Amino acid sequence: GENVEQHPSTLSVQEGDSAVIKCTYSDSASNYFPWYKQELGKRPQLIIDIRSNVGEKKDQRIAVTLNKTAKHFSLHITETQPEDSAVYFCAASDSYGQNFVFGPGTRLSVLP
Amino acid sequence: NAGVTQTPKFQVLKTGQSMTLQCAQDMNHEYMSWYRQDPGMGLRLIHYSVGAGITDQGEVPNGYNVSRSTTEDFPLRLLSAAPSQTSVYFCASSYRTGLGTDTQYFGPGTRLTVL
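Protein chains in written order, with the numbering used here: chain A, -8 to 103; chain B, 218 to 332.
By construction, these hints were calculated from the structure, which means they are not laboratory data. Please read these numbers as outputs of a predicted model, since none were measured by experiment. Hints may contain errors.
[Unchecked claim] Partner residues aside, some chain B positions facing chain A, computed with beta carbon under 8 Å:
id	residue
1	219
2	233
3	235
4	237
5	241
6	258
7	260
8	307
9	321
10	323
11	324
12	329
We treat Cβ as the ideally placed atom computed from N, Cα and C, and that holds for glycine.
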């Protein structure tokens, strides 16, 4: 089955700097790659997603890149702010949602 | 829209007890799923459903049953609770488009403790 690895497990950056979180997946059938942000005690919320027919997607300060050949995708956050501090999860899913697998998460701390 | 709702928010069980976690959505989503979240392990898929009357197992289905009699509801039943089932449980739902699963919306979660 699908296996998703995520690095780093923790990340601290200064406010205004960029943050990059990387994920790798194992199943070549996976074609949908969302990123979720989870604040303490709250539910995961989608921040950006990408499908396998697209190599890059951007939404304001957040971007995701996908390399299908290498089976990895990355989350890029620019101009980080303290409110970006949270746990971020990547996930991979095939077209039927039968292998919806999450990475273990990255705890991002943005230091003022 | 209320989105995805879950009840109860908190529950304490004794080993061997059974209970049902409720999940409902009012967005007419075909796809619904249950996850458990343990510290440091992310979210693991328990069961999912691609439509009323259709359910299937995820990564960690043992000890749990589901049913999907309507589009709106997707209850998760713990057959005989064990301490290893202590976790936070999230229900999620999404549309299924021609490209596959769409954005998943999560419920607020149920924090379950099994003594």
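The hints, checked one at a time:
1. 219: Interface hint status for residue 219 (chain B): violated (14 Å vs cutoff 8 Å).
2. 233: 29 Å, violated
3. 235: Status violated, d = 25 Å.
4. 237: Since chain A brings no Cβ nearer than about 20 Å to residue 237 (chain B), farther than 8 Å, the hint is violated.
5. 241: Result: violated, 15 Å to nearest chain A Cβ.
6. 258: 6 Å, holds
7. 260: 4 Å, holds
8. 307: With a closest approach of 6 Å, the residue 307 (chain B) hint holds.
9. 321: Since the shortest Cβ distance to chain A is 7 Å, the answer is holds.
10. 323: At about 4 Å, which falls below the 8 Å cut-off, the nearest Cβ of chain A leaves the hint on residue 323 (chain B) intact, so it holds.
11. 324: 7 Å, holds
12. 329: Hint violated; residue 329 (chain B) Cβ to chain A Cβ min 15 Å, cut 8 Å.
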